[in-house]
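A.B. asks: Sequence:
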Amino acid sequence: MITAVLGDALLDPATGQTTRDAAVLIEDGKVTRAGSRDGTQVPRDAQTIDASGLTLLPGLIDCHVHLTSLGEGLDFARELTTPPTLELMRAVRAARRTLDAGFTAVRDAAGSPAGVRMAIDGGYFPGPRMFVTVSALSQTGGHTDSHFMCGADLDIPLPDRPYMVVDGVENMRLRVREVIRAGADWIKLCTSGGVLSPGDQPHHSALTLEEIKAAVEEARVQGRKVMAHAQANAGIKNALKAGVSTIEHAIWLDGDAIEMMLDGGNAVVPTLVAPHWVIRHAEAGKMPAYAIDKARAVIDDHKASIKLAIESGVKVAFGTDTGVGPHGSNGEEFLLMHELGMEPIDCIRAATTLAADTIGMKGVGRLEPGSWGDVIGVPGDPLANLELLAKPENVHLVVKGGDLVKMART
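Positions in the sequence shown are counted from 1; adding 314 to them yields this note's numbering.
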């Protein structure tokens, strides 16, 4: 089947160039041509999508989401009474909202088992292309240790979502193998505390250097890379020393950490919007006091840290931590990145070409022959107005693999 998407313009994030009177031809889900309509032969039997009035660009990529998390605050009583099947059903709604916001690919940073990715790929429900980490591994008392002081544990090991607490080098090797057996595309470690976890602090490091190295080595043997929830300065540096590929959150970078990232070619995934979401939930009475206090304590340092990364030339890949906040509101991150000094084209590259390269997903983030036919359309020039990507209602067109997912007309 051939699909022709015809728009007013086409933005190529790689070059920053905009082509007027644009056409994207898609055959059997893959792009065969993207450029000017002049010289583009549209087959008579092609399905034509009229995107007049819209600027076309590649589908966006979010490198840090949690599709099985509600994004409606933190309620431990609710979680204790949520069966695993209901948790999976959350992902169905979250996947659709993410796709409708223009994000046609994501890396799920824990919570979603591989079956969610497989169901989307199999056409059981609409959603973005996915890489999954399945679980996020942390030490006893760390960011994903869900034991409460009363003895209750929110983290029930499941066949497709292994237990997340790990201590010691050999236990780390075992746990990484279990997560890979469960279908993980990436391995996620927590090398610091966090904002939402009740028993640790964001500025404290977690896991030993030897444990992190063991995870990286085991992942590498099996063709996987490692991402690190790393907020504390020491946790960031330990992750980089051990060979972790991406640093998530990065609240306390310094000059030495920046140099390490530049030398290693690592990317930072800022999730700038996440603490803002925590504070908004607090205003609605949906967040525990300890998390509110931590979010307010880190928000300015977080901005300063990412601003330093931007100014220093560190690779910045788009990621939001949706699941902390509402699914479909991913685009808010664009405005915060721009506020810290990133040019609009660099913000868009962070969510297209750079994001694709960062997570290693082939055929996404670009519209060129052989890439997936994932196209979005907005009513105007996103280089002049990032608000067009910041709100899902501004994304009028979503095409995934040549199939029309969303078409909104004003």
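Keep in mind that the hints were calculated from the coordinates and are not lab data. In this text, a Cβ means the ideal position worked out from N, Cα and C, and glycines have one as well. Don't take every hint at face value.
[Said to hold, decoys possible] Okay, the calculated beta carbon distance ranges per label pair:
| hint | residue 1 | residue 2 | range |
| --- | --- | --- | --- |
| 1 | Thr399 | Arg495 | 48 to 54 Å |
| 2 | Gly436 | Thr399 | 33 to 39 Å |
| 3 | Leu488 | Asp359 | 53 to 59 Å |
| 4 | Val535 | Glu597 | 36 to 42 Å |
| 5 | Ala598 | Leu488 | 54 to 60 Å |
| 6 | Asp352 | Gly578 | 43 to 49 Å |
| 7 | Arg534 | Arg358 | 47 to 53 Å |
| 8 | Thr362 | Gly436 | 24 to 30 Å |
| 9 | Arg407 | Val356 | 33 to 39 Å |
| 10 | Thr362 | His518 | 55 to 61 Å |
| 11 | Arg334 | Leu472 | 50 to 56 Å |
| 12 | Lys705 | Gly655 | 20 to 26 Å |
[Stated by the list, open to error] Computed cross-link-like contacts, BS3-like style, restricted to lysine-lysine with a CA-CA straight-line distance of at most 30 Å:
| hint | residue 1 | residue 2 |
| --- | --- | --- |
| 13 | Lys720 | Lys705 |
| 14 | Lys555 | Lys600 |
| 15 | Lys705 | Lys600 |
| 16 | Lys617 | Lys629 |
| 17 | Lys600 | Lys629 |
| 18 | Lys621 | Lys539 |
| 19 | Lys527 | Lys600 |
| 20 | Lys720 | Lys676 |
| 21 | Lys600 | Lys617 |
| 22 | Lys539 | Lys527 |
| 23 | Lys617 | Lys555 |
| 24 | Lys720 | Lys621 |
| 25 | Lys676 | Lys551 |
| 26 | Lys344 | Lys720 |
| 27 | Lys621 | Lys705 |
| 28 | Lys551 | Lys600 |
| 29 | Lys629 | Lys551 |
| 30 | Lys555 | Lys539 |
| 31 | Lys551 | Lys539 |
| 32 | Lys527 | Lys617 |
| 33 | Lys344 | Lys527 |
| 34 | Lys344 | Lys705 |
| 35 | Lys555 | Lys676 |
| 36 | Lys539 | Lys600 |
| 37 | Lys527 | Lys555 |
| 38 | Lys344 | Lys617 |
| 39 | Lys344 | Lys551 |
| 40 | Lys551 | Lys621 |
A.B. asks: Could you run down the list of hints and mark each one as holding or not?
C.D. replies: Now for the hints, and whether the structure bears them out:
| no. | hint | verdict |
| --- | --- | --- |
| 1 | Thr399 to Arg495: 48 to 54 Å | 22 Å, violated |
| 2 | Gly436 to Thr399: 33 to 39 Å | 18 Å, violated |
| 3 | Leu488 to Asp359: 53 to 59 Å | 54 Å, holds |
| 4 | Val535 to Glu597: 36 to 42 Å | 47 Å, violated |
| 5 | Ala598 to Leu488: 54 to 60 Å | 41 Å, violated |
| 6 | Asp352 to Gly578: 43 to 49 Å | 44 Å, holds |
| 7 | Arg534 to Arg358: 47 to 53 Å | 50 Å, holds |
| 8 | Thr362 to Gly436: 24 to 30 Å | 28 Å, holds |
| 9 | Arg407 to Val356: 33 to 39 Å | 36 Å, holds |
| 10 | Thr362 to His518: 55 to 61 Å | 57 Å, holds |
| 11 | Arg334 to Leu472: 50 to 56 Å | 52 Å, holds |
| 12 | Lys705 to Gly655: 20 to 26 Å | 22 Å, holds |
| 13 | Lys720 to Lys705 | 14 Å, holds |
| 14 | Lys555 to Lys600 | 38 Å, violated |
| 15 | Lys705 to Lys600 | 23 Å, holds |
| 16 | Lys617 to Lys629 | 16 Å, holds |
| 17 | Lys600 to Lys629 | 34 Å, violated |
| 18 | Lys621 to Lys539 | 26 Å, holds |
| 19 | Lys527 to Lys600 | 38 Å, violated |
| 20 | Lys720 to Lys676 | 23 Å, holds |
| 21 | Lys600 to Lys617 | 24 Å, holds |
| 22 | Lys539 to Lys527 | 12 Å, holds |
| 23 | Lys617 to Lys555 | 24 Å, holds |
| 24 | Lys720 to Lys621 | 35 Å, violated |
| 25 | Lys676 to Lys551 | 29 Å, holds |
| 26 | Lys344 to Lys720 | 18 Å, holds |
| 27 | Lys621 to Lys705 | 23 Å, holds |
| 28 | Lys551 to Lys600 | 33 Å, violated |
| 29 | Lys629 to Lys551 | 16 Å, holds |
| 30 | Lys555 to Lys539 | 14 Å, holds |
| 31 | Lys551 to Lys539 | 17 Å, holds |
| 32 | Lys527 to Lys617 | 29 Å, holds |
| 33 | Lys344 to Lys527 | 38 Å, violated |
| 34 | Lys344 to Lys705 | 27 Å, holds |
| 35 | Lys555 to Lys676 | 27 Å, holds |
| 36 | Lys539 to Lys600 | 35 Å, violated |
| 37 | Lys527 to Lys555 | 8 Å, holds |
| 38 | Lys344 to Lys617 | 38 Å, violated |
| 39 | Lys344 to Lys551 | 40 Å, violated |
| 40 | Lys551 to Lys621 | 18 Å, holds |
Hints 1, 2, 4, 5, 14, 17, 19, 24, 28, 33, 36, 38 and 39, counting from the list given before, are not met by this structure.
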